[in-house]
Amino acid sequence: MSGLSQLNQKVTEAVASYERSPALASLLVTVTHVRGADADIPVDSLRHTYRRRGSRLPAGSSLRQEVEALLHRLDELDGAPVKLVTATGSTGATTLVLLDRHMTRVLFWSPMWVAG
Numbered sequence: 001m002s003g004l005s006q007l008n009q010k011v012t013e014a015v016a017s018y019e020r021s022p023a024l025a026s027l028l029v030t031v032t033h034v035r036g037a038d039a040d041i042p043v044d045s046l047r048h049t050y051r052r053r054g055s056r057l058p059a060g061s062s063l064r065q066e067v068e069a070l071l072h073r074l075d076e077l078d079g080a081p082v083k084l085v086t087a088t089g090s091t092g093a094t095t096l097v098l099l100d101r102h103m104t105r106v107l108f109w110s111p112m113w114v115a116g
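Everything in the sequence shown is counted per my numbering, starting at 1 for the first residue and increasing by one.
Among these hints, one or two may not hold up.
Said to hold, decoys possible - Simulated restraints on C-beta separations:
1) 92 - 48: 28 to 38 Å
2) 16 - 56: 19 to 29 Å
3) 86 - 17: 12 to 22 Å
4) 71 - 23: 33 to 43 Å
5) 93 - 68: 16 to 26 Å
6) 62 - 6: 33 to 43 Å
7) 104 - 75: 20 to 30 Å
Derived by calculation from the structure, the hints in this document are not laboratory data. Using N, Cα and C, we set each Cβ at its ideal position, and we do this for glycine too.
Construct the entire structure; sequences and hints are all you get.
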């Protein structure tokens, strides 16, 4: 199995086991393409970026609520680096998925990130 196939399989397994939202698994079904998986991202960096972005959004907007949900999830993490990948599924949908650094567990995803 090629490195890309192994990566796709790893993300597919993490998505399938994500207990907080079966909607993610049904959205992607099988991950056919992953981008951005090769670099660890410090949680503090993501917090800083999304706090800044969230402050620019209208209060009460659905996008601001999604950013606030992400920030809440980031605050729950222990500070270990994470992976933020773009995953395209066999359904043709593409979304960003926040994973642990070993890419075995989905930590967060949001409908705001879905394209396709």
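For this session: For residue 86 and residue 17, compare the CB-CB distance with the range 12 to 22 Å and indicate the outcome.
Result: Cβ of residue 86 to Cβ of residue 17: about 19 Å, so the range 12 to 22 Å holds.
Exercise. Do the Cβ positions of residue 92 and residue 48 conform to the proposed distance bound of 28 to 38 Å?
Worked result: Since the Cβ atoms of residue 92 and residue 48 sit about 33 Å apart, the hinted range of 28 to 38 Å holds.
Problem set entry | residue 93 paired with residue 68, Cβ distance criterion 16 to 26 Å | 23 Å, holds
Problem set entry | Supplied distance hint 19 to 29 Å, evaluated on CB atoms of residue 16 and residue 56 | 35 Å, violated
Exercise. Is it true that residue 104 and residue 75 lie within 20 to 30 Å of each other by Cβ?
Worked result: With a Cβ separation near 22 Å, residue 104 and residue 75 satisfy 20 to 30 Å, so the hint holds.
Problem set entry | Cβ distance range 33 to 43 Å for residue 71 and residue 23, holds or violated | 21 Å, violated
Problem set entry | C-beta pair residue 62, residue 6: status relative to the range 33 to 43 Å that was hinted | Check passed, 36 Å falls within 33 to 43 Å.
Consistency note: the structure conflicts with the earlier hints numbered 2 and 4.
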